[in-house]
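Quick note on the working numbering: the sequence shown kicks off at 7 and runs consecutively.
Honestly, the hints are just simulated from the structure, not real lab data.
Glycine is no exception: its CB is placed at the ideal position from the N, C-alpha and C atoms.
Treat the hints with care, since some could be wrong.
Said to hold, decoys possible - With a straight-line Cα cutoff of 20 Å, these simulated PhoX-like cross-link-like pairs (lysine-lysine) come out:
{"hint": "1", "residue 1": "261", "residue 2": "249"}
{"hint": "2", "residue 1": "425", "residue 2": "438"}
{"hint": "3", "residue 1": "44", "residue 2": "249"}
{"hint": "4", "residue 1": "427", "residue 2": "438"}
{"hint": "5", "residue 1": "608", "residue 2": "596"}
{"hint": "6", "residue 1": "61", "residue 2": "343"}
{"hint": "7", "residue 1": "44", "residue 2": "61"}
{"hint": "8", "residue 1": "280", "residue 2": "427"}
{"hint": "9", "residue 1": "61", "residue 2": "280"}
{"hint": "10", "residue 1": "425", "residue 2": "343"}
{"hint": "11", "residue 1": "277", "residue 2": "44"}
{"hint": "12", "residue 1": "61", "residue 2": "608"}
To be verified - FRET-style restraints, in silico, Cβ to Cβ:
{"hint": "13", "residue 1": "159", "residue 2": "255", "range": "49 to 59 Å"}
{"hint": "14", "residue 1": "30", "residue 2": "523", "range": "42 to 52 Å"}
{"hint": "15", "residue 1": "532", "residue 2": "30", "range": "54 to 64 Å"}
{"hint": "16", "residue 1": "391", "residue 2": "185", "range": "30 to 40 Å"}
{"hint": "17", "residue 1": "569", "residue 2": "593", "range": "52 to 62 Å"}
{"hint": "18", "residue 1": "551", "residue 2": "429", "range": "49 to 59 Å"}
{"hint": "19", "residue 1": "47", "residue 2": "418", "range": "46 to 56 Å"}
{"hint": "20", "residue 1": "255", "residue 2": "452", "range": "42 to 52 Å"}
{"hint": "21", "residue 1": "570", "residue 2": "143", "range": "32 to 42 Å"}
{"hint": "22", "residue 1": "503", "residue 2": "569", "range": "49 to 59 Å"}
{"hint": "23", "residue 1": "523", "residue 2": "208", "range": "28 to 38 Å"}
{"hint": "24", "residue 1": "380", "residue 2": "429", "range": "50 to 60 Å"}
{"hint": "25", "residue 1": "509", "residue 2": "429", "range": "54 to 64 Å"}
{"hint": "26", "residue 1": "47", "residue 2": "523", "range": "25 to 35 Å"}
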Amino acid sequence: MYAEGVADMAGRIRDEDIALVRERSSIADVISETVTLKSAGAGNLKGLCPFHDEKSPSFNVSPARNVWYCFGCGAGGDAIKFLMDAEHLSFVESVERLADRAGIQLRYVEGDSAAPRPRPQQGQRQRLVAAHAAAVEFYRAQLTTAGARPAREFLARRGFDRAAAERYGCGFAPDAWDLLTKHLRQQGFSHDELVTGGLSRPSRSGTLIDRFRRRLMWPIRDLAGDVIGFGARKLFDDDDGPKYLNTPETPIYKKSHVLYGVDQAKREIAKQGKVVVVEGYTDVMACHLAGVPTAVATCGTAFGGDHIGVLRRLLMDTDDVAGEIIFTFDGDAAGQKAALRAFEDDQRFVGRTFIAVSPDNMDPCDLRLAKGDLAVRDLVARREPLVDFALRHVINRYDLDTVDGRVEAMRRAAPLVAKLKDREKRPEYVRKLAGDLGMEIEPVQRAVLAAASATPGRDAAPAPRPARPEPVVDNPHSMVEREALKLALQEPVLAGPMFDAVEASEYRHPVHAAVRAAVAAVGGAATATGGAVWIESVRDACEDLAARALVGELAVEPLRIDGEPDPRYVSVTMARLQWGSVTSRIRDLKSRIQRINPVNNKDEYFAAFGELLSLEQHARALREQAAGGL
């Protein structure tokens, strides 16, 4: 029950303000900053779960109720819970972030006092983000100073004017030891915050100095657009540091997850189902300005598994909707090595992977300078499948005019064909490889099969999904119980009075009964207005963990009706819910009557007989009510 995080030493946020944040936070907008969502029908949306690896979308979002649930791993909740899980924020930090987004002024109380107090110090993430936002403005202002002339000249030489510099927030770290540090301290940021955020560092003497000096600066933003770090380019020959220097690992900057330019590219990536992975900040800028708006780059680290996870969610890279991942690498040895390393990660994408290498071995920024915007667009358009590039790179290392050269090339290339995730393409690539090598198909085919069998996990069954409570649909009556609970959670205004009128004893499955008890514990469905606040109140009232998980699932699972539910559908569902128990009681009563001696136990016999007649009359009414939906 994550709401326990509301209380802290500094006080707690008022409950009514938390409810207001839940109501006014668009779950679809919040999640769309991380996950590409598509229509799932019945007003719901779906995408790839950000919390476990999957190839088919099981992550469901209900905008109407402002809740989400993953049928793959069982995670679910509202916008507050999503930020807590996706960005590792505390409950208070999540509420404060959503409140800022929605323009809600939060009120806080101390202990049991109901008196509001001033807003406390923000959570760590918000403070570090605020410090970086202030640093961006500082660096941008410095870019116009006389000392920043080398930075401006560098941008101009790379083809970027003032408008481009402003669009990407470029700045300059001045030739001073602690100018930024003093500026941020004057704005109220503490020594520890500046060190923790990677903006400042202790000097040998123990004083606090700026981490970046005499460098061209690029702000690095997360998916939501918050600045979380910086990339800094060396400008002066007497600077003995590395060519590029990045923010160190911090609570908000994880280089294995960060992609430069993703905040500007994410919508086009989702729209086009395509992403272009380049190698540097200037390449991203050049691609965007040249009409390739889907370009992103890693930040001080190699492209890896966490980056793949980010892109797959943006691409909605699934079996049904396979995207395109296009890598651009320099044609030199380092670039070719990076391309082959990318091919190793190819299997983690469902979509198709390509490589685009300039004929002149120029990166996108150089290509734009030399040949213009059209040349950059053509570079991406002329992409070739990554496997083709990898095979050509391998076999070109051998002398194919000799037997030894052909055999060794076959041995080295066969594992690449064996790694193809699309098994239907392997026979075609076997034939292609045989043709490129000038060999018969049979030995190449044997080499590929041997490589496939020798590769651990190749062609093995996919890894099982994370364990989660199984759906409670073990019999027809359970399905009706489930539908009744969905109506109470999703449509309490419509279904509340009829739902509450049916006794809890009608729910036979223990998990369903626990959810029904939680609805009663919070005042019944008739008292609710719906939405995330209602669903979270029921979830929090569940004493059973399985019931708590089931609430999240039922909140987004579509009702078993085409179109919008109406009072008639609610009436039919509740009648069917009672029908099972009434017919069961009739059977038990008939059996009991047969065992009663009407002579010796006349009163008991007639009492049971009268009860049977009443139940049968009730059953007929329920049958007619239930038939109303047919």
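Results for each hint:
{"no.": "1", "hint": "261 with 249", "in the structure": "holds (17 Å)"}
{"no.": "2", "hint": "425 with 438", "in the structure": "holds (15 Å)"}
{"no.": "3", "hint": "44 with 249", "in the structure": "violated (42 Å)"}
{"no.": "4", "hint": "427 with 438", "in the structure": "holds (17 Å)"}
{"no.": "5", "hint": "608 with 596", "in the structure": "holds (16 Å)"}
{"no.": "6", "hint": "61 with 343", "in the structure": "violated (28 Å)"}
{"no.": "7", "hint": "44 with 61", "in the structure": "holds (15 Å)"}
{"no.": "8", "hint": "280 with 427", "in the structure": "holds (19 Å)"}
{"no.": "9", "hint": "61 with 280", "in the structure": "holds (17 Å)"}
{"no.": "10", "hint": "425 with 343", "in the structure": "holds (18 Å)"}
{"no.": "11", "hint": "277 with 44", "in the structure": "holds (11 Å)"}
{"no.": "12", "hint": "61 with 608", "in the structure": "violated (68 Å)"}
{"no.": "13", "hint": "159 with 255: 49 to 59 Å", "in the structure": "violated (32 Å)"}
{"no.": "14", "hint": "30 with 523: 42 to 52 Å", "in the structure": "violated (30 Å)"}
{"no.": "15", "hint": "532 with 30: 54 to 64 Å", "in the structure": "violated (24 Å)"}
{"no.": "16", "hint": "391 with 185: 30 to 40 Å", "in the structure": "violated (50 Å)"}
{"no.": "17", "hint": "569 with 593: 52 to 62 Å", "in the structure": "violated (36 Å)"}
{"no.": "18", "hint": "551 with 429: 49 to 59 Å", "in the structure": "violated (40 Å)"}
{"no.": "19", "hint": "47 with 418: 46 to 56 Å", "in the structure": "holds (48 Å)"}
{"no.": "20", "hint": "255 with 452: 42 to 52 Å", "in the structure": "holds (47 Å)"}
{"no.": "21", "hint": "570 with 143: 32 to 42 Å", "in the structure": "violated (49 Å)"}
{"no.": "22", "hint": "503 with 569: 49 to 59 Å", "in the structure": "violated (22 Å)"}
{"no.": "23", "hint": "523 with 208: 28 to 38 Å", "in the structure": "violated (57 Å)"}
{"no.": "24", "hint": "380 with 429: 50 to 60 Å", "in the structure": "violated (38 Å)"}
{"no.": "25", "hint": "509 with 429: 54 to 64 Å", "in the structure": "holds (55 Å)"}
{"no.": "26", "hint": "47 with 523: 25 to 35 Å", "in the structure": "holds (31 Å)"}
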